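Enquirer: So the sequences go chain by chain: A and B. Throughout the first sequence, residue numbering follows my numbering, covering 1 to 284 in sequence. Throughout the second sequence, residue numbering follows my numbering, covering 285 to 538 in sequence.
Derived by calculation from the structure, the hints in this document are not laboratory data. Don't take every hint at face value.
Said to hold, decoys possible - Sample of chain B residues facing chain A (criterion: CB under 7 Å; computed from the structure): (1) S289; (2) L298; (3) F300; (4) P303; (5) V306; (6) L307; (7) L362; (8) P389; (9) L397; (10) I399; (11) S452; (12) F455; (13) D480; (14) I518; (15) F522.
Unchecked claim - Straight-line alpha carbon distances no greater than 25 Å define the calculated BS3-like cross-link-like pairs of lysine-lysine that follow: (16) K63(A) to K197(A); (17) K98(A) to K509(B); (18) K509(B) to K127(A); (19) K232(A) to K67(A); (20) K98(A) to K287(B); (21) K94(A) to K286(B); (22) K232(A) to K127(A); (23) K287(B) to K94(A); (24) K499(B) to K509(B); (25) K197(A) to K286(B); (26) K450(B) to K8(A).
All values derive from a computational prediction rather than experimental measurement. Ideal Cβ placement from N, Cα and C applies to all residues, glycine included.
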Amino acid sequence: MKNDNAFKYFSLATTWIWLIIFSFVPYGLVIFASLMSHDTNHLIRLPFTLQNYVELSEPIYIKIFIKSFYIAGISTLICLILGYPFAYTLARMKSRLKGLFILLVIIPFWTSSLIRSYSMIAILKAKGIINSLLLSLGIIHEPIPMIFNNTSVIIGLVYNLLPFMILPLMTNIERLDNRLIDAARDLGANRITTFRKIILPLTMPGMIAGCILVFLPAMTLFYIPDLLGGAKSILLGNLIQNQFLITQHWPLGSATSIVLAILLAVMILIYLQSKRNKKEQDLL
Amino acid sequence: MKKLSRSYLTLIYLFFYIPIIVLMIYSFNNAQYSLVWHGFSLRWYQTLLQDNDLWISVWHSLLLGITAATLAMGIGGLAAISLYRYRFFGRNLLYGLVFILILSPEIVMGISLLILFSLLNVPLGFWALLFAHTTFCVPFVVVTVYSRIVSFDEYIFEAARDLGAKDSVIFARIILPLLWPGLLAGWLLSFTLSLDDVITSYFVAGPDYEILPLKIYSMVRLGVKPEINALCSITFGFTLLLVVISQLVLRKKP
Numbered sequence: 001m002k003n004d005n006a007f008k009y010f011s012l013a014t015t016w017i018w019l020i021i022f023s024f025v026p027y028g029l030v031i032f033a034s035l036m037s038h039d040t041n042h043l044i045r046l047p048f049t050l051q052n053y054v055e056l057s058e059p060i061y062i063k064i065f066i067k068s069f070y071i072a073g074i075s076t077l078i079c080l081i082l083g084y085p086f087a088y089t090l091a092r093m094k095s096r097l098k099g100l101f102i103l104l105v106i107i108p109f110w111t112s113s114l115i116r117s118y119s120m121i122a123i124l125k126a127k128g129i130i131n132s133l134l135l136s137l138g139i140i141h142e143p144i145p146m147i148f149n150n151t152s153v154i155i156g157l158v159y160n161l162l163p164f165m166i167l168p169l170m171t172n173i174e175r176l177d178n179r180l181i182d183a184a185r186d187l188g189a190n191r192i193t194t195f196r197k198i199i200l201p202l203t204m205p206g207m208i209a210g211c212i213l214v215f216l217p218a219m220t221l222f223y224i225p226d227l228l229g230g231a232k233s234i235l236l237g238n239l240i241q242n243q244f245l246i247t248q249h250w251p252l253g254s255a256t257s258i259v260l261a262i263l264l265a266v267m268i269l270i271y272l273q274s275k276r277n278k279k280e281q282d283l284l
Numbered sequence: 285m286k287k288l289s290r291s292y293l294t295l296i297y298l299f300f301y302i303p304i305i306v307l308m309i310y311s312f313n314n315a316q317y318s319l320v321w322h323g324f325s326l327r328w329y330q331t332l333l334q335d336n337d338l339w340i341s342v343w344h345s346l347l348l349g350i351t352a353a354t355l356a357m358g359i360g361g362l363a364a365i366s367l368y369r370y371r372f373f374g375r376n377l378l379y380g381l382v383f384i385l386i387l388s389p390e391i392v393m394g395i396s397l398l399i400l401f402s403l404l405n406v407p408l409g410f411w412a413l414l415f416a417h418t419t420f421c422v423p424f425v426v427v428t429v430y431s432r433i434v435s436f437d438e439y440i441f442e443a444a445r446d447l448g449a450k451d452s453v454i455f456a457r458i459i460l461p462l463l464w465p466g467l468l469a470g471w472l473l474s475f476t477l478s479l480d481d482v483i484t485s486y487f488v489a490g491p492d493y494e495i496l497p498l499k500i501y502s503m504v505r506l507g508v509k510p511e512i513n514a515l516c517s518i519t520f521g522f523t524l525l526l527v528v529i530s531q532l533v534l535r536k537k538p
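Hey, can you work out the whole structure from these sequences and the hints?
Expert: Okay, structure coming up:
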């Protein structure tokens with residue numbers, strides 16, 4: 001019997017040791033560092049202080065937080081509006097090619113978002129595809145400034161993160177019980193009422209999952225504002241990156257990340273709550 | 285209605301793929317700065333061939349991707365099997381942790397590992413990158429393998445146990461043969477994640493160990509250039525292939 005358990009203990013020990021060393025401990029260290037003092041020579045030093053969190057309440061940082069929320073929020077909303085009908089149509093599709101169509105959404109999910117962001121530059125820039133097309137058609141006479149502003153950052157984020165909205169939504173919609181929709185229709189509900197009273201509430205977990213999967217990276221994917229935004233497009237990701245690698249203020253950078261992480265925790269809790277209500281068991 | 289939804293699907297697919305297709309087309313354009321088509325040319329690909337630094341970073345990335353994916357497949361595979369087969373203390377915690385690691389912003393992982401490595405005096409470079417990449421790949425392997433393993437017929441394990449098989453035998457003779465598509469898919473996806481990762485790597489790569497995604501990042505910051513188009517086309521094409529293979533492998537029914 002002892003030998004029988006060897007495999008179990010080996011698997012569990014490997015998993016836990018790895019996760020503890022490379023997830024638990026480092027995350028703990030970030031909390032720790034966020035409470036330390038700043039020192040250019042040693043990066044972090046004693047004594048413990050709340051100074052970093054106080055500093056984060058300065059207007060300049062509050063502005064970045066608000067702006068990141070705003071841009072991430074708008075991007076999430078656009079992803080939801082664009083993604084919902086798409087996911088719905090795809091989930092209900094009965095074509096033999098459905099697998100291929102789904103694969104075409106999975107591909108942008110897994111391939112380099114850096115490369116896809118870069119490909120957006122050529123489309124948006126002053127002498128890019130859209131402007132050249134519009135100019136040659138005579139619709140406009142001067143190139144429209146589409147890049148290096150907030151709009152281009154939002155376009156880049158939506159372009160990159162739309163699959164993260166579509167995939168959880170589609171899984172959710174595919175599991176919808178058709179009999180509920182039929183029943184609603186039989187009982188005299190029109191399309192709009194059926195959608196509002198039946199489909200929308202039942203797909204809420206998918207919508208929330210999608211929103212979380214879009215919203216969180218939207219605030220921290222620092223290369224998108226870096227490539228597509230102007231000099232003023234600093235989001236939380238760029239801020240943390242600067243604090244760590246340029247100004248080398250690790251405690252402040254850690255504090256920024258902790259605030260971000262608390263936010264994340266709140267959102268995940270909301271998500272888990274809604275999931276519990278729906279009695280769903282899957283991971284994503 | 286049907287026409288409407290079909291054209292909507294087409295529109296979104298165009299949105300997804302036109303920028304990449306444009307990028308690929310221009311990587312063959314025989315002109316340095318122009319958007320106008322100057323004829324088909326492979327000269328930008330030839331430029332890449334002569335770039336020695338680039339090849340070193342490609343080699344580093346492949347080495348890193350293969351080792352990280354293999355490690356992640358091992359750890360993630362064991363974790364998924366444990367989650368499925370055993371009821372143990374902290375099972376729900378492990379389950380939740382996998383979920384949280386997938387959702388948590390990469391930048392937080394990047395800085396937390398940077399702090400860990402500087403505290404433990406692990407030099408930034410290959411080993412730091414290997415630990416980091418393995419860590420962010422593990423949860424994805426767990427999810428991929430777990431979604432495969434739940435489709436197994438539980439009676440197989442019971443039958444094997446009744447016939448006197450030990451856990452290690454069940455693992456080697458039943459789980460592995462049935463699970464290899466899930467493990468392979470997990471490996472391939474980890475490999476693509478590793479090849480494409482910018483954010484975590486940015487913090488732990490250090491100045492001496494250049495890898496492909498960071499090389500691409502430093503190049504694209506300089507603006508649109510045909511040789512970057514060529515490099516991005518090759519990289520995108522390669523990871524696309526890996527994703528398609530992994531999805532085909534996953535679709536095979538157990």
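Enquirer: Taking the hints in turn, state whether each one holds.
Expert: These are the hints, each one checked on the structure:
| no. | hint | result |
| --- | --- | --- |
| 1 | S289 | holds, 4 Å |
| 2 | L298 | violated, 11 Å |
| 3 | F300 | holds, 5 Å |
| 4 | P303 | holds, 4 Å |
| 5 | V306 | holds, 6 Å |
| 6 | L307 | holds, 4 Å |
| 7 | L362 | holds, 4 Å |
| 8 | P389 | holds, 4 Å |
| 9 | L397 | holds, 5 Å |
| 10 | I399 | holds, 5 Å |
| 11 | S452 | holds, 5 Å |
| 12 | F455 | holds, 6 Å |
| 13 | D480 | holds, 4 Å |
| 14 | I518 | violated, 10 Å |
| 15 | F522 | violated, 10 Å |
| 16 | K63(A) to K197(A) | violated, 39 Å |
| 17 | K98(A) to K509(B) | violated, 37 Å |
| 18 | K509(B) to K127(A) | holds, 13 Å |
| 19 | K232(A) to K67(A) | holds, 11 Å |
| 20 | K98(A) to K287(B) | holds, 17 Å |
| 21 | K94(A) to K286(B) | holds, 12 Å |
| 22 | K232(A) to K127(A) | holds, 22 Å |
| 23 | K287(B) to K94(A) | holds, 15 Å |
| 24 | K499(B) to K509(B) | holds, 14 Å |
| 25 | K197(A) to K286(B) | holds, 23 Å |
| 26 | K450(B) to K8(A) | holds, 11 Å |
Comparing the model with each numbered hint stated earlier shows that hints 2, 14, 15, 16 and 17 do not hold.
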